[in-house]
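What follows is the residue order along each chain.
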Amino acid sequence: MIRIEKLHKTYVTGSNRLHVLKGIDLNIDSGELISIVGSSGSGKSTLLNVIGILDNYDSGDYYIDDKLIKNMSETKAAWYRNKMIGFVFQSFNLIAFKNAMENVALPLYYQGVARKKRNIIAQEYLEKMGLLEWAEHLPSELSGGQKQRVAIARAMISQPKIILADEPTGALDTQTSYEVMDIFQEVNKAGMTVIIVTHERDISERTDRIIRLTDGIIEQEYKPKKAANYA
Amino acid sequence: MLDLDQWQEILSTIRKNKLRTFLTGFSVAWGIFMLVILLGSGNGLAKGIIYNFSDAKNSIWMGGGQTSTAYGGFNAGRRIELTNEDYEFVDNMYNDIENLSARYGMWGSMISYKNNYGEFDLQAIHPGHQVIEAIKLIDGRLLNNLDIKEYRKVAVIGKLAKEQIFKDEDPIGKYIRIRGIPFLVVGVFDDIHEGETKRLYIPITLAQKTFITKNRVESLSFTAGDATVEEATQMIEKIKSQMAKKHNFDPDDTRAMWSWNALEDYQKMQALFKGINIFVMIIGIFTIIAGIVGVSNIMLIVVKERTKEIGIRKAIGARPSSIIWMILQESILITSIAGYFGLVLGVALIEVVGKAMPASDFFRNPGVDFTMAIGATIMIVVAGAIAGYIPAKKAANIRPVVALHDE
Chain A
2 MIRIEKLHKT
12 YVTGSNRLHV
22 LKGIDLNIDS
32 GELISIVGSS
42 GSGKSTLLNV
52 IGILDNYDSG
62 DYYIDDKLIK
72 NMSETKAAWY
82 RNKMIGFVFQ
92 SFNLIAFKNA
102 MENVALPLYY
112 QGVARKKRNI
122 IAQEYLEKMG
132 LLEWAEHLPS
142 ELSGGQKQRV
152 AIARAMISQP
162 KIILADEPTG
172 ALDTQTSYEV
182 MDIFQEVNKA
192 GMTVIIVTHE
202 RDISERTDRI
212 IRLTDGIIEQ
222 EYKPKKAANY
232 A
Chain B
969 MLDLDQWQEI
979 LSTIRKNKLR
989 TFLTGFSVAW
999 GIFMLVILLG
1009 SGNGLAKGII
1019 YNFSDAKNSI
1029 WMGGGQTSTA
1039 YGGFNAGRRI
1049 ELTNEDYEFV
1059 DNMYNDIENL
1069 SARYGMWGSM
1079 ISYKNNYGEF
1089 DLQAIHPGHQ
1099 VIEAIKLIDG
1109 RLLNNLDIKE
1119 YRKVAVIGKL
1129 AKEQIFKDED
1139 PIGKYIRIRG
1149 IPFLVVGVFD
1159 DIHEGETKRL
1169 YIPITLAQKT
1179 FITKNRVESL
1189 SFTAGDATVE
1199 EATQMIEKIK
1209 SQMAKKHNFD
1219 PDDTRAMWSW
1229 NALEDYQKMQ
1239 ALFKGINIFV
1249 MIIGIFTIIA
1259 GIVGVSNIML
1269 IVVKERTKEI
1279 GIRKAIGARP
1289 SSIIWMILQE
1299 SILITSIAGY
1309 FGLVLGVALI
1319 EVVGKAMPAS
1329 DFFRNPGVDF
1339 TMAIGATIMI
1349 VVAGAIAGYI
1359 PAKKAANIRP
1369 VVALHDE
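Quick mapping for you: the protein sequence lines, in order, are chains A and B.
Residue numbering for the first sequence follows my numbering, starting at 2 and increasing by one per position.
Residue numbering for the second sequence follows my numbering, starting at 969 and increasing by one per position.
Calculated directly from the structure, the hints in this document are not laboratory data.
Note that the Cβ used here is the ideal one computed from N, Cα and C, for glycine as well.
Incorrect hints may have been included.
For lysine-lysine, the following PhoX-like pairs were computed, each having C-alpha atoms within a straight-line distance of at most 25 angstroms [unchecked claim]:
no.	chain 1	residue 1	chain 2	residue 2
1	A	Lys99	B	Lys1361
2	A	Lys84	B	Lys1276
3	A	Lys117	B	Lys984
4	B	Lys1361	A	Lys77
5	B	Lys1361	A	Lys118
6	A	Lys77	B	Lys1276
7	B	Lys1362	A	Lys71
8	B	Lys1362	A	Lys77
9	A	Lys7	A	Lys23
10	B	Lys1361	A	Lys84
11	B	Lys1272	A	Lys99
12	B	Lys1361	A	Lys71
13	A	Lys99	B	Lys1276
14	B	Lys986	A	Lys99
15	B	Lys984	A	Lys99
With the C-beta cut set under 8 angstroms, the calculated list includes, among others, these residues of chain A facing chain B [to be verified]:
no.	residue
16	Asn57
17	Gly61
18	Asn83
19	Phe88
20	Asn94
21	Ala115
Stretch by stretch, here's where chain B covers chain A in the computed footprint (C-beta under 8 angstroms, at least three residues) [said to hold, decoys possible]:
no.	stretch
22	67-79
23	98-104
Required output: the full structure, derived from the provided sequences and hints.
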């Protein structure tokens, strides 16, 4: 599904060079539920942005389904972001002036799905998230957990193969975090590959495989011990 | 571009960003509104000036004055009086002059019909004078050469004179008394200069027989065809020098005969008119520039403000082209509607002012050159689109991760 070989990335700001990713080799199979952990500045978000084609990289190779994703035009990248990848952000990144339903439906707008049809589909996804009665509400009228569930619905609506989540529970309380993780686990069971960046141990331990990044390299890969009870 | 869904997306964005929409629209509407007002006022001013020139533009008038130098055995201060002879002399002098007319004015002539009477401006003329004054026939006929030849006691009366003498009665074929002598009314005329419709015209030949001593004429007037100002001035000088010989005055005496060259005045007015036009145009251009700068500014801010939204849209799969179109279409939609609004509002105000303000010699019938106003609107719309395009293109092509970090 995802194959990354010797990937390097350096941020250049003025005369400062920050070598963030220092040769990442990573294989992720279809249907995996993976977490990427590490302290802040370890490069985990940068790696996720590269996987989501929100950012570029300097050297190495990155393949989705054996297709090389490198120096891609923004138009081509848009197609991958739209069809292959669903992204969930820590700060939700909902469009403030659109209600929940319109936010969820937006990826389908860029696929050319008619307004009525995409709103119906969006309502279905909101129903799955238990938010149907909030469909007409603006993001500002929703709680953090509700916003994140809207964002997940938006990431899922185009039925991508990969769901990427950057600190999805970072802005949520523990209870809501666990609810959101329940959703990710369900999504994963439905067959989507899910990659979650987190620094929270209890979140990472609910995934199948943990990748620990330290200072731009993969320090450790391990399967979590199955913990007893989270609810 | 005509994708319905796309428009719905844009309309919903506009609906939910009312202040932004209002600010963009206002600067465009205001610019166009001011431009229309400016064009309309300029037009009104020009029309007011041109209005004073409703008479034949190539007419030349001349008449006898008073000598200022002693000449040929005569003292200074002698009155020069023109006669029918002079009229015929000028007629023979030039073949290409038209509408040659001798005129004798009798102000305060008593006119009566039944029990109505009053004092009016009576003018004895040749038919050509009616062309020079550019009077418009409302009813009946004008004076003609037969009236002159046969000394007919006929009169053509002005609209205001008719209203005062006849009230609602049909004047054609009725007899009025002019200074006690009955005249047949044959026509009613109108003149753009309202004051000149309180006037009556009668054949000069008859007037000379009945009212005026000898064969005197007060002034001669004619139209100079296609003559230029210089040619017309030469004509006047030539006639004057001939008259100097006939009437024995110094050809260099400027006060022995007066003359007025309408064409010269007309050209001066046209120069003024041109000046007003240039003035209006310069201010108009600056108004448009101000509008363009305003829209450009707002578009820059709009794109900056929407950078994060653009990042979100890109992260979920928006192509750069769809981002650019989104911003451009919104800009074009707002600016064209606002521009149209300003145009309509400006035209409406000009119309109201035009109706409410009494026409004067300086300002009348303000109107707007629509092609110019619409052209200006299109210019602002296009400028707004270009001003939006550059930052939109930039924003659409930056990596989403950068756009998303913009706050």
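Open item on the list: I'd like to know which numbered hints this structure contradicts. Please list them from smallest to largest.
Closed with: 5, 17
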